[in-house]
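Turn these sequences into a full structure, and let the hints guide you.
Using UniProt numbering, the letters of the sequence shown correspond one by one to residues 1 to 392.
Check the hints yourself; a few may be wrong.
Mimicking SDA-like on lysine to any residue, the simulated pairs with C-alpha atoms at most 20 Å apart in a straight line are [to be verified]:
1) 365 / 59
2) 365 / 155
3) 365 / 93
Note that these hints are calculated values from the structure, not bench results.
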Amino acid sequence: MERTVSCYDCGEAYTAAERKRCDCGEPLWFDVDPDGLEWPDAGSIDDMWRYADVLPVSDSTGIAPGGTPLFRANRLDDYVGCNLSLKNEGQNPTGSFKDRGSAVGIRGTIEGGAEWVGTVSHGNMALSTSAYAASADLECAVFVPADTPPERLELIARHDPHVFRVDGDYGRLYADTLSLDVGVNFVNADTPLRVAGQKTVAYEILERLAPAVPDAIALPISSGGQASSIWKALRELTRAGVIDEVPRLILCQAAACDPIATAYRNGEAAVTPVTPAETIAVSIANSDPPSGTRALTAARDTGGAVVSVSDEDIREAMDRIATRAGVSVEPSSAVAVAGVRQLSRTGALEASDDVVAILTGSGYKERYDTDIRSRTIGVADIEGALTSIVDT
Numbered sequence: 001m002e003r004t005v006s007c008y009d010c011g012e013a014y015t016a017a018e019r020k021r022c023d024c025g026e027p028l029w030f031d032v033d034p035d036g037l038e039w040p041d042a043g044s045i046d047d048m049w050r051y052a053d054v055l056p057v058s059d060s061t062g063i064a065p066g067g068t069p070l071f072r073a074n075r076l077d078d079y080v081g082c083n084l085s086l087k088n089e090g091q092n093p094t095g096s097f098k099d100r101g102s103a104v105g106i107r108g109t110i111e112g113g114a115e116w117v118g119t120v121s122h123g124n125m126a127l128s129t130s131a132y133a134a135s136a137d138l139e140c141a142v143f144v145p146a147d148t149p150p151e152r153l154e155l156i157a158r159h160d161p162h163v164f165r166v167d168g169d170y171g172r173l174y175a176d177t178l179s180l181d182v183g184v185n186f187v188n189a190d191t192p193l194r195v196a197g198q199k200t201v202a203y204e205i206l207e208r209l210a211p212a213v214p215d216a217i218a219l220p221i222s223s224g225g226q227a228s229s230i231w232k233a234l235r236e237l238t239r240a241g242v243i244d245e246v247p248r249l250i251l252c253q254a255a256a257c258d259p260i261a262t263a264y265r266n267g268e269a270a271v272t273p274v275t276p277a278e279t280i281a282v283s284i285a286n287s288d289p290p291s292g293t294r295a296l297t298a299a300r301d302t303g304g305a306v307v308s309v310s311d312e313d314i315r316e317a318m319d320r321i322a323t324r325a326g327v328s329v330e331p332s333s334a335v336a337v338a339g340v341r342q343l344s345r346t347g348a349l350e351a352s353d354d355v356v357a358i359l360t361g362s363g364y365k366e367r368y369d370t371d372i373r374s375r376t377i378g379v380a381d382i383e384g385a386l387t388s389i390v391d392t
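Structural data, given as structure tokens:
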């Protein structure tokens, strides 16, 4: 059966193999008929392929992401000002939420007959796409900005992709790769296959909490692809009658680079590029997000919000997540928790609200300036050293 993709905005439909963006300029996503959709039997598989019936590919290939922990973070409630749960996507195989989209993207590439897959990324998506391509014996081309840190390139290179460091405008690089006709299927951040895979995080959250529905789902946002995917899942589940309430989508950006939050604050209908400044949340520093307007529409459609937070707030949230919830996250992940805290302090979220924050990536693969409590002692001094800190 020929799969179709359509535009959320104008409704125009195309065959899936035909294109990744609509004539109107907006991104496309896969059409799904959710009639008869229901939660899978309890005994079925516990990774993202649990929801294979609403995915545009026939089966998994290689690594199986998903089934990540969702847990109450009670010790963060006072800090964020509401009842907070965390969905830890850092426990996917390559340490980020990108694995969900990569799994579907790689399988879709194979089913489409291509032998090469490509992506444009300076971090998690490059690593994830490379790993999943390796597991499926596909050749992989990764395009990264020329100033990508060496430690990130080392992680990506472990899976032996062809890495191209590119000088020039990152936004143009993203768009240009989608128009190439060179036998490489580009699975970029907001392309239909990637969005289809990433929507499964919302399926997991809502099935785990069923029959309850959280008041809000908070997540960091860059290209707008992840926000689009969660909105897509909510639309499917609502149409199927699986959920009868829709959680508000809280989209969070770094203040140094916040085009979607700027459009939201200004009441604009579309997102326009901004001039970025430096931020520690480099993974989401996208000044011209390709699915920015779709994400903005998602926030408004669900009665949610788009907020931006300072680097100082991001650092503080990283520390609180690590020391009160026991999870090390990259700065971009902490943006979601910082955003929830900001909305609570302004009264947009209430203390009784149940909020799920998605932690999109692990902090264990990054290097940070952290104060280390350490001292050197002799073997004979162990008891005394422990006594000195326990008694204080």
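Find the hints from earlier in the document that the structure breaks and name them by number, from lowest to highest. The structure conflicts with hint 1 only, although it agrees with all the remaining ones.
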